[in-house]
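Okay, here's what each chain looks like letter by letter:
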Amino acid sequence: EPEVTQTPSHQVTQMGQEVILRCVPISNHLYFYWYRQILGQKVEFLVSFYNNEISEKSEIFDDQFSVERPDGSNFTLKIRSTKLEDSAMYFCASMFIRGPTEAFFGQGTRLTVV
Amino acid sequence: DQQVKQNSPSLSVQEGRISILNCDYTNSMFDYFLWYKKYPAEGPTFLISISSIKDKNEDGRFTVFLNKSAKHLSLHIVPSQPGDSAVYFCAASEIGAARQLTFGSGTQLTVLP
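Chains A and B, in that order, are what the protein sequence lines are.
For the first sequence, our numbering assigns the number 1 to the initial residue and increments by one for each residue that follows.
For the second sequence, our numbering assigns the number 1001 to the initial residue and increments by one for each residue that follows.
Derived by calculation from the structure, the hints in this document are not laboratory data.
Using N, Cα and C, we set each Cβ at its ideal position, and we do this for glycine too.
Please note that the accuracy of each hint is not assured.
Partial chain B-side listing against chain A, Cβ under 7 Å, derived [said to hold, decoys possible]:
1. Tyr1032
2. Gly1043
3. Pro1044
4. Gln1100
5. Ser1105
Which bits of chain A does chain B cover? Going by a derived footprint, with three or more residues having C-beta under 8 Å, they are [claimed, not checked]:
6. 30–44
7. 48–55
Below, in silico cross-link-like pairs of lysine-lysine (DSSO-like), each with a Cα-Cα straight-line distance of 30 Å or less [as the list claims (entries may be wrong)]:
8. B:Lys1056 <-> A:Lys42
9. B:Lys1068 <-> A:Lys42
10. B:Lys1068 <-> B:Lys1056
11. B:Lys1068 <-> A:Lys57
12. A:Lys42 <-> B:Lys1037
Generate coordinates for the entire structure from the input sequences, incorporating the hints supplied.
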């Protein structure tokens, strides 16, 4: 069964460093998302991406964040200068069509900022 | 700004009995509702969904009920099995360009053998 894959599974970084989280969405999907879950809190929407551009973003997704689809398969989330409060599980998701339909999630990347 | 609420952080049920998980929402623009199941250190896994034009959707042991007037939905699992023990998230999306999901805070279901 096709699945969304994320790398790395765990990333530890120093405050102020840049990190790139990687995702390979399901191959025929057209809509891509990043969500995050801070420990003990809800899963929160960060950004959606369609047709090589951001279609929607939340207030969490400030200038420190960026997304890119550098080739036909990868979808990346970059945090330019990490802060302690960026520590969270980051989930990539993809959707075949705009919906309404379900989104498929990757297994997540645990980001720890020290 | 809790547009999707799951008021029960945990639920314990005996194996073979019914599990009922509840979810309330406030945003009238939501037209599609989903339940996801999540194990520790894994991503959410889609379970079942329902469109706002329906009031019930069934898939095997899982049934979702939607009461639009009360802005309430519930997930019924019958019969419950120990493998169902996980965190269950209610989520919703509204008509719009991105169809992003708004999640509830989750309910930890424990099915006791």
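Subject >> Indices of hints not satisfied (ascending) >> reply: none
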